[in-house]
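Peer 1: One-letter residues, chain by chain:
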Amino acid sequence: MLSPGRTHLRSHRGVNALIPLLLLAAFSLAPLVYANHAVIFQMMAFMVLAQGVNLLYGFTGYLPFGYVGFFGIGAYGMGIGIELFHLPGLAALLVGALFAVVVALILSPLLRLSGAYFAISSLAASEVLYNIVANPALTHITNGPYGESLVQSYHPLTSYVAMVVLLVLTTVLVIVIKNTPFGRALLAIREDPVSAEMAGIAVVRTRTTVWILSALIGGLTGAIFGWHLSVFYPSTVFDLSISILAIVFTLFGGGGTAIGPILGSVVLYGLYNAIGISAPQYFELIYGLLIVLLVLFLPGGVVSLLQRRGSYVP
Amino acid sequence: MLEYSIVAGILFGVFFGFMALGLNLIFGVMQVVNLAHGDFVVLGGYLAVIAYSAGHINPVVSLVGAFVLFFLIAFALYFPVIPRLTRSKDPEMLSLILFFGLSQIIEALDVIGFGNNPRSLPLAIMGAAPWHFLGQSYQMAWVITAIVSLVMIGATYLFLYYTRIGYAARAIMGSREEAAASGLPVAQTSAIIFGVGIGLAAMAGVLSPFMIGSIDPSTGLGLTTIAFAIVVIGSLGNPLGSVLGGLVYGVSVMLMQTYFSSWSDLVPYLLLLIIVLAKPSGLLGKGVRNA
Chain A
1 MLSPGRTHLR SHRGVNALIP LLLLAAFSLA PLVYANHAVI FQMMAFMVLA QGVNLLYGFT
61 GYLPFGYVGF FGIGAYGMGI GIELFHLPGL AALLVGALFA VVVALILSPL LRLSGAYFAI
121 SSLAASEVLY NIVANPALTH ITNGPYGESL VQSYHPLTSY VAMVVLLVLT TVLVIVIKNT
181 PFGRALLAIR EDPVSAEMAG IAVVRTRTTV WILSALIGGL TGAIFGWHLS VFYPSTVFDL
241 SISILAIVFT LFGGGGTAIG PILGSVVLYG LYNAIGISAP QYFELIYGLL IVLLVLFLPG
301 GVVSLLQRRG SYVP
Chain B
1 MLEYSIVAGI LFGVFFGFMA LGLNLIFGVM QVVNLAHGDF VVLGGYLAVI AYSAGHINPV
61 VSLVGAFVLF FLIAFALYFP VIPRLTRSKD PEMLSLILFF GLSQIIEALD VIGFGNNPRS
121 LPLAIMGAAP WHFLGQSYQM AWVITAIVSL VMIGATYLFL YYTRIGYAAR AIMGSREEAA
181 ASGLPVAQTS AIIFGVGIGL AAMAGVLSPF MIGSIDPSTG LGLTTIAFAI VVIGSLGNPL
241 GSVLGGLVYG VSVMLMQTYF SSWSDLVPYL LLLIIVLAKP SGLLGKGVRN A
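Protein chains in written order, with the working numbering: chain A, 1 to 314; chain B, 1 to 291.
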């Protein structure tokens, strides 16, 4: 971790380039092989969300329990873009992204808090967003608790492709950040903000940048998700279990790496599909136990098994 | 209406202050945010509902049973989990995640054991006649809950200020290292406080069906957030701080419900955000902000 990143990137360029290419190939071909496209689409969505959580938690140590707030506001930005501004789908995506970035800027003072204070305050912030969006007083803008219907812009294929593109771009972004000075600045902030500041790292600017990037990823995921779903309610897109799953996937695979969240999403989302839909309480029990066991015995996630042996983990 | 909101706000506030008390103690002594706090409250509520429906046991009796049972459970839970956490690289964050996992486990077990339907207790158990005060009438169950809450907050205060374990607990709140260096039994005291904190949560849970209407497995996380807000508003480690925080919370919620009812769900979250952003160190003391 201490060796210069540029040589890291060069010596492991092959492995690093392989990951986004594999994702691109897998998710371009998957619909031809597996008929349940909704499952594939949601797996991608969770992979992107897990990478967004990873960018924040894995690199800076800020645990965003309220990450779903960006997802929900992105979906509603999409809805408002289509319903109020009558924009075409791809342009409305940008409205969703813009909403998420604006919310992130408004909430950026939360980064002054550390540890549990940040985690719980971000949860509170996402509940505030949910209550505002779902409020009957805003029915003329968000349709309040009655949900959005975007059926006139329903494009399952375009929205699927958009999610594949977002997944690949996000993965590339995480790999690039991990292997550049910016990523090492983030890790330094995670370890000790005061020392990082003294070493000449602009702590506030760096962490705000990564916070906005992470919000942008969450917002775009929400926007594409809402577009693909085309009918959704505040309670679907602000569902706290979306944050929870994204966090658990990241923890399981291992934060601070590009492969960890992907691994976590594939394994645990697969498990969720096998048992979570018919009996969600048993799935909840399993991942609750998994979290406890991970924290006690494997706090670095599955990839830390490889890291411990000294292997390079992309 | 104004008098009603304020008096009901005080009754609710005292209860919520009591509900947050256990979180406050554990947070103060162990620097651990028990994210499963609300789920222990809900478990206490299930205990009261089942004791009443299966054995016609009055909730006032269940209070004692809940405290003893959950004290023992938490005391047993302490030793395999907390020392391992405090030795790890990042105890604060890891404990947050661990208790979050515990909260998911309890929630799942609640669904498996009691189902998803909301459960409640009839308010009439605590006396059908309402309490009249300043021309308004209030549920007798609310008044009794508030009185029990006050008694328990007082008892916790006496425990912390007039017993040897209480002295040790306050010393550890001040500085864990110095307490250990002076030869205080840090581990045993922490284990007892952990038990007391969760026991108090379950006790508050026994009364919770009267105050929050009904409980279901997903009630827990919301209660944890409310409790956290109350702990942050009041001061850390001082039971009287919890009362202050509870009163601020209770009266604000009641006023919002009276005058802007559709926005009243926002109150705990907004209060929390305002406090942590505007005056985190002022109300809490140390170590909240870093840059």
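Just so you know, the hints here were simulated from the structure itself, not pulled from any lab data.
Source: prediction; values computed, not measured.
Each hint should be verified, as a subset may be incorrect.
Said to hold, decoys possible - Simulated restraints on C-beta separations:
id, chain 1, residue 1, chain 2, residue 2, range
1, A, Ser195, B, Gly174, 23 to 33 Å
2, B, Leu123, A, Met198, 41 to 51 Å
3, B, Asp90, A, Ile275, 44 to 54 Å
4, A, Met198, B, Ser175, 18 to 28 Å
5, B, Phe159, A, Val204, 38 to 48 Å
6, B, Leu123, A, His86, 50 to 60 Å
7, B, Phe75, A, Leu293, 15 to 25 Å
8, B, Gly154, A, Asp192, 49 to 59 Å
9, A, Gly200, B, Glu178, 31 to 41 Å
10, B, Glu178, A, Leu169, 17 to 27 Å
11, A, Leu169, B, Glu3, 40 to 50 Å
12, B, Leu123, A, Tyr34, 52 to 62 Å
Claimed, not checked - Listed next, the stretches of chain B that the computed footprint assigns to chain A, with coverage defined by at least 3 CB atoms under 8 Å from CB atoms of chain A:
id, segment
13, 73–85
14, 130–142
Ideal placement from N, C-alpha and C gives every residue a C-beta, glycine not left out.
Peer 1: It remains to establish, for every hint, whether it holds in the given structure.
Peer 2: Now the hints, each set against the structure:
no.	hint	result
1	A/Ser195 - B/Gly174: 23 to 33 Å	27 Å, holds
2	B/Leu123 - A/Met198: 41 to 51 Å	60 Å, violated
3	B/Asp90 - A/Ile275: 44 to 54 Å	31 Å, violated
4	A/Met198 - B/Ser175: 18 to 28 Å	26 Å, holds
5	B/Phe159 - A/Val204: 38 to 48 Å	43 Å, holds
6	B/Leu123 - A/His86: 50 to 60 Å	52 Å, holds
7	B/Phe75 - A/Leu293: 15 to 25 Å	22 Å, holds
8	B/Gly154 - A/Asp192: 49 to 59 Å	43 Å, violated
9	A/Gly200 - B/Glu178: 31 to 41 Å	35 Å, holds
10	B/Glu178 - A/Leu169: 17 to 27 Å	52 Å, violated
11	A/Leu169 - B/Glu3: 40 to 50 Å	59 Å, violated
12	B/Leu123 - A/Tyr34: 52 to 62 Å	54 Å, holds
13	73–85	holds (count 3)
14	130–142	violated (count 0)
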